[in-house]
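These protein sequence lines map, in sequence, to chains A, B and C. Residues in the first sequence are numbered consecutively from 1, following the working numbering. Residues in the second sequence are numbered consecutively from 1, following the working numbering. Residues in the third sequence are numbered consecutively from 1, following the working numbering.
Read the hints as simulated data drawn from the structure, not as lab findings. Hints may contain errors.
[As the list claims (entries may be wrong)] Pairs of lysine-lysine residues, derived as BS3-like cross-links and limited to a Cα-Cα distance of at most 25 Å, are as follows:
no.: 1; chain 1: C; residue 1: LYS563; chain 2: B; residue 2: LYS75
no.: 2; chain 1: C; residue 1: LYS450; chain 2: B; residue 2: LYS67
no.: 3; chain 1: B; residue 1: LYS248; chain 2: B; residue 2: LYS164
no.: 4; chain 1: C; residue 1: LYS368; chain 2: C; residue 2: LYS564
no.: 5; chain 1: B; residue 1: LYS75; chain 2: C; residue 2: LYS450
no.: 6; chain 1: B; residue 1: LYS75; chain 2: C; residue 2: LYS368
no.: 7; chain 1: C; residue 1: LYS220; chain 2: B; residue 2: LYS87
no.: 8; chain 1: B; residue 1: LYS293; chain 2: C; residue 2: LYS607
no.: 9; chain 1: B; residue 1: LYS67; chain 2: C; residue 2: LYS368
As a plain string of letters, each chain reads:
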Amino acid sequence: MSANVNTALPLEYQTEQNRMNILGFWIFLGAEIVLFGTLFATFSVLNARFAGGPTPHDLFEIKDVMVETILLLTSSFTCGLAIYEMRRGSRNGLLLWFIITLLLGAGFVFMEVTEFVHYVHEGATMQTSAFLSSFFVLLGTHGLHVSMGIGWATMVIIQIFQRGLTPVTARKTFIIGLYWHFLDVVWIFIFTFVYLARMVA
Amino acid sequence: MFKKNYFVPLLALLPALLLSGCDTKMLVFDPKGPAARDILDLINWSLVFMLLVVVVVFGLFGYIIWKYRATPENKDYEPPEEHGSTKLELIWTFIPILIVIVLTIPTVKTIYKLEKVPAGYENKQPITINVTSADWKWIFSYPEQGIETVNYVNIPAGTPVKFKLTSAGTMQSFWVPQLGGQKYTMNKMETKLYLTADKPGEFLGRNTNFNGKGYADMEFTVEAKSPQAFDKWVKEVKTTAPKLTEKKYYDLLKPTHLGRETYIGTHLQWVDHGKMNSKTYTNPELYEVHGVKGKIFKDEEPSKKTTDETMNMDGMDMTDKSNGGEHDGH
Amino acid sequence: MGINWHDFFIVGNPLILGSQIAILLTMIGIVAGVSYLKKWKWLWREWLTTVDHKRIGIMYILSGVLMFFRGGVDGLLMKAQTSRPEMKFLDAQHYNEIFTTHGVIMILFAAMPLLIGIMNVIIPLQIGARDVAFPQLNALSFWLFFAGAMLFNISFVIGGSPDAGWTSYFPLAGKEFTPGIGNNYYAVALQIAGIGTLMTGINFIVTILKMRTKGMGLMKMPMFTWTSFVASIIIVASFPIFTVALALMTFDRIFGTHFFTLSAGGMDMMWVNLFWLWGHPEVYIVVLPAFGMFSEVIATFSRKMLFGYKSMVFSVVGIAFLSMLVWVHHFFTMGSGPAVNSIFSITTMMIAIPTGVKMFNWLFTMRKGRIQFTTAMLWALAFIPCFIIGGVTGVMLAMGAADYQYHNTLFLVAHFHYVLIPGVVFAVFAALYYWWPKMFGFMLNEKIGKIHFWLFVIGFNVTFMPMFFLGLDGAVRRSYTYSAESGFAPLFMVSAIGAVILALGFAALCYNIYWSARYADRNISNDPWDARTLEWATASPAPFYNFAKLPEVKSVDAYWYMKKHNEGLTLEDNEIKEIHMPSNSGLPFFMGVVFGISGFFLVFEWKIAALVAMIGILAGLIIRSFDYNDGFHVSVDEIKQTEKAWRGNDKGVNNHVS
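Same shape as in the complex, but just chain A (with noise of 0.2 Å):
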């Protein structure tokens, strides 16, 4: 594949296999829009078969919920920021942006798991019921893409640290940096409709 580079455009966008590694990567967050509007469907038809276990009332703290949130928002607002950094081609405002970044989502991930621990001492397993099954996965799947991303980003900011901004480094930078955008648009979505509007009905 002959490389097609167009110096005008920004880092990421300069050769013909990065432009198609980016629109590939769209096309991947459509059918990920598809994974997601699944699950959330699969938890509309079951969020209220409790089986006589634990409802939402019984489980969901706000405040936790608020710091989570908190931190996954912030570090897209980061996430933003180092990609702002690698346009202007400052490797190290990236990498710093970027860690920070990584760092706020380990938060975030590590609070959900505190979450989740904690609710199953308080006898709420996802084998509990309908509501707990579908609570469990659709969370679970966005936390899991959390924490892979994490392990995605660390092996990008490693590649930027041996082989410094070029332009494979920036897709991937970039790339990942559209996956971050992505899960934050995702958990608005869930902490709009399994947390407040379980805490407000």
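Add chains B and C to chain A, keeping to what the hints say.
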């Protein structure tokens, strides 16, 4: 080489034509009640248009491949560069649209019609029969008569029957082709089906939704008796049949193959499987595949334990908890 | 975790025991053969690590043919068992496993790989590209499919096959009613293969959007490329739904959740909806590329351009759009209520409209053409009347109230075989005969091909036509036997005889492949059919870099235009430049193996082991992330030599047919 392969499917039609000449008509074409007749009318209506499509397309096809086949004589024929014809394309878009409209109207009408007591029977007093599908049998409860039958159901002829369908376990489908269409039976759900037999007779019924090893055996008989004969039969049952006990009913729910059985009383006094919060009756240890027995993962509805739970726990293997949950019940 | 070691290998049944022995002997035979011929390095270098779309396509096709054989044997066994009433050849359990594997294999492990394989070989060539957008991802797609297929296939000898039907409805498919690990195979193997398919969908969307050669606007693409493009979009839109459904099934069966269970609030109807939300688009994923294949074959062998290109494109897009709006027609009888059933009756009937448009466009492509009855064309011709039968019975089924009588009877089974076999299988056969020279450099024998054709088409009709009437007489699907009193016996016997004829047809295909591989002339033209699209503008078989010089397109049927105007057919030395090609990689094969192993552990519910094996998956992903191999360059000399071999002395296009 002439393409004759549309003759082959037509040839295969012969046995069917021959068969229909015989005494036995295909069940769907032998309706014995208003619902089956309404559906057959719809089917016949669709056959007219489908046959039209088949004749037109087969005809065009045969003509085209015959007329435009390559022969040594037309070796130098250069086919024209034809991009298309807007006129033709509009025609063969709009005629199918018309056919779809012409088929849709009676379809929607019939769909709605079948959900009600059939035309001509509005003045008759309908009877209600609860149908519960189980592995591997059909259980019929007659709440107005206070009796229960297994694997056969008697109904009064000339009377609309409101079948209330549900399942004790697996999803099944209640079908009596000569009386009407089918409907699924599902646990913790109740579906409704109106069937009416015009005259007395015996009809085949069966499950069409695959539900496991015993599926092939899930047949039942529907016998329409004259209203007087039906009442007489009910009286006979109430004097001679055994009483249905709770224990006997739970035995019925086990995956066994039974013949016909008759009882006084219905199981509705203990459980209505059609209710959303009805108790779940499964016997997983009685299902075995390649040496592995079935299992469930937890207590059923832990906060709704009834005093009669011993009935449900009969032989249930609750010791296998080799799964991810650390949960210990609550 | 208690695995019952006694039943780990299914030994009780002589048929299965025989198969286990045959499989073992075959595996030993293959290992011995490859060792004897000292071909391990070659196998690794040329096939297991390839990222070449043509090689990957051939592997898909080979796998698909093998799976078609297995699915066919399943079908034959079913027909044998039902040929007489109350036969004791197969017991209920065995029969249930066989019809389940028959359905899953035919749709997911035979039709899909055959279609995707042909797409893989042909699409880059048709659009004048050198490969797909993501070659290594492409290889990964294949090995994931292969891992899923192998995992699914060993089920009948290790642990037991799934037995709840290819639709795997709950609560039957749950642990309470179907114990054992059979259905775990279903949940896990299909999940692995499904990931591969999703990757393929993404790959082909980007390839077709971004890698078309100069001058090939969207409305100048070959119709096969168009239909494959639309099918790829449907893949991306629908496969994630199946991913979720299978995951929820896995959780219910292995981790004790309550998505579809009878107790604790599970909802069995939800499985039905999720499955068919994917399941209906899936049948269009298989049929649309097939329609594209027919478009190519019909145009080529009528020697006339496709009639109504624009309306063909609109129809395909319309079909794809509607395909996402009809899923409830698979369960009209589930009691959704008259309003819902009416709406879905209408949307379902609407699909007949664009499909009809396509049919007429094909007929009018042939009209005023000069029709050559090559084997490939015969398949396209037989498709038309046979598919019409499938299509009109589909409209009959779409009428909700009528479906109350047809549903789950053999009428339904006959309908879908009358759309799937003429629609997909005939297309694959046509494509194989048509594109064989492009893939392998020799042609399949036309005489044997015609025997294959007649046996298969006659056998198909004799097998499935009686089933319409059986269904109308009350015969239901998935039933391992029936009574003598039912009166079904004569038609079941006719159907069984048809199945034998079908099998003979398939045997003729296998013999054709063997005979042609052995005896067919290798000295053939790059363009033996005098065809119309770009894949024929390069050598047969195509060189690994596809085109020495990327062609420039001026119209639809680009190659036909080139031939008519004598443009772009020659290659001057100074036009040859170095070509950049992707390097081979062993990682996709490794990932296939690792997915297969961890899938196996998950099937047997050895969760810790599965988790450990998944570390292998993570390792693979990390290695890939650090892989900066950018491919290699093909030297101008090598290109010159390769091109000279097929272009003849004057460097023009060699038009001699064998």
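Against the earlier hints, flag every one the structure doesn't satisfy and list their numbers going up. none
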